[in-house]
Amino acid sequence: MRYSGFRIIKEALTGNRGWQPAWRNPEPKPHYDFVIIGGGGHGLATAYYLAREFGKSRIAVLEKGWIGGGNVGRNTTIIRSNYLLDGNEPFYEFSLKLWEGLEQVFNYNAMVSQRGVLNLMHSDAQRDAYRRRGNAMHLNGADAQLLDAAQVREMVPFLNFDNARFPIKGGLLQRRGGTVRHDAVAWGYARGADARGVDIIQNCEVTGFRMTNGKVQGVETTRGYIGAKKIGCAVAGSSGALMAKADQRLPIESHVLQAFVSEGLKPTIKGVITFGAGHFYVSQSDKGGLVFGGDIDGYNSYAQRGNLPTVEDVCESGMALMPMIGRARLLRMWGGIMDMSMDGSPIIDKTDIEGLYFNGGWCYGGFKATPASGWCFAHLLATDTPHETATAYRFDRFRKGLMIDEKGVGAQPNLH
Amino acid sequence: MNQPNRLAGGQIDRSKQLTFRFDGKTYAGHQGDTLASALLANNVRLMGRSFKYHRPRGAFTAGSEEPNALVELRSGARREPNTRATIAELFDGLEAQSQNRWPSLAFDAMGINDLFAPFLTAGFYYKTFMWPKAFWEKVYEPIIRRAAGLGRLSMQPDPDAYDKGFLHCDLLIVGSGPAGLAAALTAGRAGARIILADEDFALGGRLNAETFSLGDSNGPHWVAATLAELEAMPNVRIMPRTTIIGAFDHGISGAVERVSDHLLAPLPGKPRQILWRIYAKRTLLCAGATERPIAFGNNDRPGILLGGALRAYVNRWAVTPGKTAAIFTNNDDGLRTASDLMAKGIAVAAIIDTRSQGTRIEGANHMFGARIVDTKGRLGLEGIVVRKADGQTQTIPCTTLGVSGGWNPNLHLTGHQRGRPVWNDAIASFVPGDCPPGMTVAGAANGQMSTAAALNGGAQQALTLLNDLGFATSSPELPQAEDAEIRLSPLWHVPSGKARAWLDLQNDVTVKDVKQAHQENFRSVEHLKRYTTMGMATDQGKTSNISALAIMAELSGQSIPDTGTTIYRPPYTPVSIGVMAGRSTDGHFRPTRLTPSHKWAQEQGASFVETGMWLRAQWFPRPGETHWRESVDREVLATRGSVGLCDVTTLGKIDIQGSDAATFINRVYCNGFAKLAVGKARYGLMLREDGIVMDDGTTARLAETHFVMTTTTVNAVAVFRHLEFCRQCLWPDLDVQLISTTEAWAQYAVAGPNARKLLQKLVDPEFDISNDAFPFMGCGEITICGGLRARLFRISFSGELAFEIAMPTRYGDALIRKLMAAGKEFDVTPYGTEALGVMRIEKGHAAGNELNGTTTAHNLGMGRMVSQTKDSIGAVLSRREGLMREDALRLVGFRPLNNQDPLKAGAHFIAGTNPEAATHDEGYMTSVAYSPNLGHAIGLGFLKDGGNRLGETLRAVNPLGGDAVAVEVVSPHFIDPQGERLRG
Amino acid sequence: MIINHPLLGPRDAQEFTYLGDASLIDRPDWSAEDANEQYYAYAYLRDNPAGLHRELWFHEQGDRSWLVVTRNTLTHEITRVELASDVARLAGRSR
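Chains as they are written, first to last, in the working numbering: chain A, 1 to 416; chain B, 1 to 984; chain C, 1 to 95.
Treat the hints loosely; a few may be bogus.
With a straight-line Cα cutoff of 20 Å, these simulated PhoX-like cross-link-like pairs (lysine-lysine) come out [claimed, not checked]:
#	chain 1	residue 1	chain 2	residue 2
1	B	K944	A	K400
2	B	K52	B	K498
3	B	K498	A	K97
4	B	K512	A	K10
5	A	K97	B	K133
6	B	K515	A	K10
7	A	K350	A	K229
8	A	K270	B	K138
One-sided and incomplete, this derived list gives chain A residues near chain C with beta-carbon spacing under 8 Å [said to hold, decoys possible]:
#	residue
9	M1
10	G5
11	E253
12	S301
By construction, these hints were calculated from the structure, which means they are not laboratory data.
Virtual Cβ for every residue (Gly too), placed ideally from N, Cα, C.
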């Protein structure tokens, strides 16, 4: 069923009785060419592009719960390609370009909204670093603008310019950055994949891998054994636990990141703003809630919830930046499990086991990567070669000393 | 002033009349009212508009679960959007406005949305607004955004203060209804330290809203007597207006106390609210229950309330939303509402009971087996349409309706650590399942719905918990109380044809939306919520989630528990962002660290700059200087020409002592330190274990077993932590002790050709600091000014003959003044961080911009410093192939071909005529300065294979600014490359 | 969270700074034949268990002890707290 304004009118006039399921609930088949573990944004996008771009069929996505229930359903919805390093920037720019045409391609309004991402700077050294980054973005074909304090003030006059502990000295603006309605990304990919014959199998948890002679044959699941020629793992925070079933140790730790939304407010903040003297990022959703976040709690966790000190720290930064939000109320907070890698950058690579492929280590930046991650993982699964924008995302970069460390904090995941 | 809907009785203080304004109109109420009760007393039922269709709405509840009656409270900078009128305590002079409507509450132009409702069903926006492509951002979304949102921010800084505090107790009791009070009595008498917290301003919970007897007294009287006893106990802390917002790890609860929200403005010196972190050995949740409605056609009109809320308004606040009432119920609780209303003289036109039979109230019009299918009235209820047991419909005029669908336990806190509730058929709702460690539940929150059960449950749970904690206890005598059994026949919604039946009142989610979500396969609870926005509003679906779940279960043919449960997350009710931040706002966001010479520098008119938490003097302008560069150039030239002074206290200092101190330092630096002589200092390069440079600095050996290490300002804390890790975790038996002495010593650089001469005027004569006795990299403990202890290091960041002199911090201010006085004859010049930066760039010293966490010793041209012959942190991994490439980035110097051209840090290097593209990117500029000694800009930067490219011309491109500068690759040592000055 | 410091008693976790897996105590021998490989695994690979996790916390706002905390990553329950230096000695680390 194609969605359109005309369809909505037609359905409205006939009692909205004609709407079809957005995806089917198929029974798992005994064998597939491709099994993608993880029905989150990355897994669904992978299946979608495998079918759509690489012409593959006999594809299944296995999800232990409900699709879109992980980090794609719980994030601060930001998209951007303001990366510094060669290994990253082309990939994220590819992703941003995919976002830009996504809705027309998969016929689902995910509300991709390029209202801009503004990184504030508070010191001369930060300006130097942002200039280096902005120039790197330009060299990679992305857009960036360096603003001085007056320009920032004109753009977002409500920030704390006059009483700040760390004065705002300017900002790096990417106008093409913005936000996307996160749940709709999962649903749009699911619907698109389903329409191309992908079996999306919910409530199907992978409990083990079946292997012979170093080659993977299929997966044991709570809904029985499912054979596959190739298996791709895209399970974010569960990466360590899942890959342990294949005896793989990863350069990844699982950490909890909390995110926050306020009660609905009349529009105030147009784009995304990030604070440079504390870890804080904020935007306002189309419904009016301030959506914001900060650092991960900082300790290994699979508990999907965090603690008060981080909440307080995030709100302190929010108030330091925007003292007018003091009387707005924090409505809801939630914790997601982040696959924090050892250099803060992801992995899209084959594993030591033939037929088993891995996509993870997204830290807490996975949402913006969803389209390119799916595309590049599909590329790897389909062709056994990395996509040109994802050649650096290999496991062996750590062994070889080719880390992609945007923050420069080294092999300590909770600092990335 | 007249309050037409005010009844007799209630727990308001009629002696205190309060005046308030709503939407510009003045009304009167009483002490003890909420804004909602006071508005109802004045016959104002219409209080807000819904989010999506802008339907007229009134108070639906009498508590914090309110979905409808949201207002903007107060004005100016104190404007507070989305405030629930049902819990906003009335005060004299209160000002409130309705929100999310235009031009007025009674006539809201956006109400037109309601007419288009068939087009605006669940998730409609995912299916349209995609064409033409550009229109989403340019047309559709701006319209949607303008229409969205609820209340308005003031857009001014919040003028009120917030505090944070910490509390400890044996037992935290959440909620002060019958269960909470019984528990508090039990625990209080046993001598346990308890905290009794309730979100309401009046303690007692439902006991304030009910009329039944409690022993030989009634609810409010028993509450008053109990509170009097508790208040007299020193071990009991009673906290009204305090919401427990979350149950966090290890028995820690977050609580927000609204200290001043019931006042016109906080009293002087008092905060508006306080965030408490409560450390409780045990937590007893006695949070009661929330009533749920039954959905039916047009069940959202102002005047339609939950039955228990209607009863609370009548009994506690002595107000009624309307003179003629009706009751719609599926359980006996609805009958209690009816009889209480009748007792207050309110006409009850009908009791529509979905059950086929039941108890009768004398004189009441019972309609058994009946359903409400529709309602009348535009801005307020005027009548209900009832389909009777025989299938006939009848319209009954009434102006208020109490709807009672059963009660859901307030078990939210039990789920904050992802405990799942379990279904209970008797109350047709969820009761607590796994609780967080240390938490138990009593009373209605635990499914014990009668007053007697709640009282006994609270006391019993308290006894159990106290016994766990080792207290001697005895049961308190509890009053006789009603112990009615629950008689409920679950009904979630009435099929209502064309009329929409509302579930989530704020977000306008209807039964049909749930049906459509099911039809489109959004069937899990999480999908249902996200697709329809069910339960996502400010009330978090407290009155609607279970009903929506039940309807989804009905549609799927599954049981309710099989369909799912909601995951409860903090906060229990929304909390102000300000209280979470406390005092850490504006200039107090983070501490400010001041250097020992700060006061003196202020006197000199210095300009200051943030360096991490530190404030450092950036430059010292002199009269007549109009541009910072003038000051900085002068400071540089004066230093290199004679002598300059700079406060370098902010560098980290770590005192290292012990017989193994040399061994230890030799392992944490990649270069050799084992053989450093006493009285000597050495430059040290510290790697992280992954082989990347972590920090650098000088370490001086003051004695055989005593070293002083310096770190960069920004890494002082991280390096100290790292050294403690090495000491305790890697080599626990080395005899070495560390202490951070950054703040213990004031340290000044004295640099320039006259540095020695200046110091000689202060250093006591028995200490020879001549070049022979105290050569470059010498160090020692000395005395100055006639016996004052000091340390002297002959180290140089500027490249000049230079010393750093350190004294205990208390002498810092005196020392800078003394140095300035002694240096007068040399025209001594204080210099700030800018001149410091210029001189270090002139010398090619790496600093923060170069040590950016990705650079190796190899990149810095110090690869050979990494010893191959000893164990040191980071040495092994520093030798990985990717870090040792021949063509790796190398630190080199740059100068513009044209002396007038400025350089920019952050520019990238492109060779020859290559295009400005990432594939041709060969490195980047890290630091730049104008060198007053050379008369042109200079820069440091990383360039691929830079060491072999001296003399080459490149473009330093800055596409951000659209400019590019031709630069020559030069040695990074711009001044005195042989280092003759610093050895002089 | 509350960490029951073996010397100081219960302390709020906010006083501490977290590092990571306690296997960081097991720093390999730099002179081993396969030191490169051992150091790669030491620095980069993690068990990352969903369950009991032994991990390093530094009492930065306190007595500067490094502690090994045994904590369940699914529930955050802490079952054991030891001085890291004791753990290191037990693991055979000395000088």
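The hints, checked one at a time:
Restraint check for B/K944 and A/K400: the C-alpha separation of about 19 Å stays at or below 20 Å, so the hint holds. Pair hint B/K52 plus B/K498 holds up; C-alpha atoms about 19 Å apart against a cutoff of 20 Å. For the given pair, B/K498 sits about 45 Å from A/K97 by alpha-carbon distance, which is inconsistent with the 20 Å threshold. Of the supplied pair hints, the one linking B/K512 and A/K10 holds, its CA atoms being roughly 17 Å apart against a limit of 20 Å.
With a C-alpha separation of about 14 Å, the suggested pairing of A/K97 with B/K133 holds against the 20 Å cut-off. A threshold of 20 Å between alpha carbons decides the hint, and for B/K515 with A/K10 the separation of about 18 Å falls inside it, so the pair holds. Proximity of A/K350 to A/K229 is assessed by CA-CA distance (about 14 Å); at most 20 Å being required, the pair is judged to hold. At roughly 13 Å between alpha-carbon atoms, A/K270 and B/K138 fall within 20 Å of each other, so this suggested pair holds.
A least Cβ separation of about 40 Å between A/M1 and chain C goes past the 8 Å threshold, and the interface hint is therefore violated. This hint is violated: A/G5 has a C-beta 46 Å from the nearest C-beta of chain C, more than the 8 Å allowed. Hint on A/E253 holds. Least Cβ distance to chain C is approximately 5 Å, under the 8 Å limit. At a threshold of 8 Å, the smallest CB-CB gap from A/S301 to chain C is about 5 Å, leaving the interface hint in force.
This entry does not satisfy hints 3, 9, 10, going by the numbered hints stated previously.
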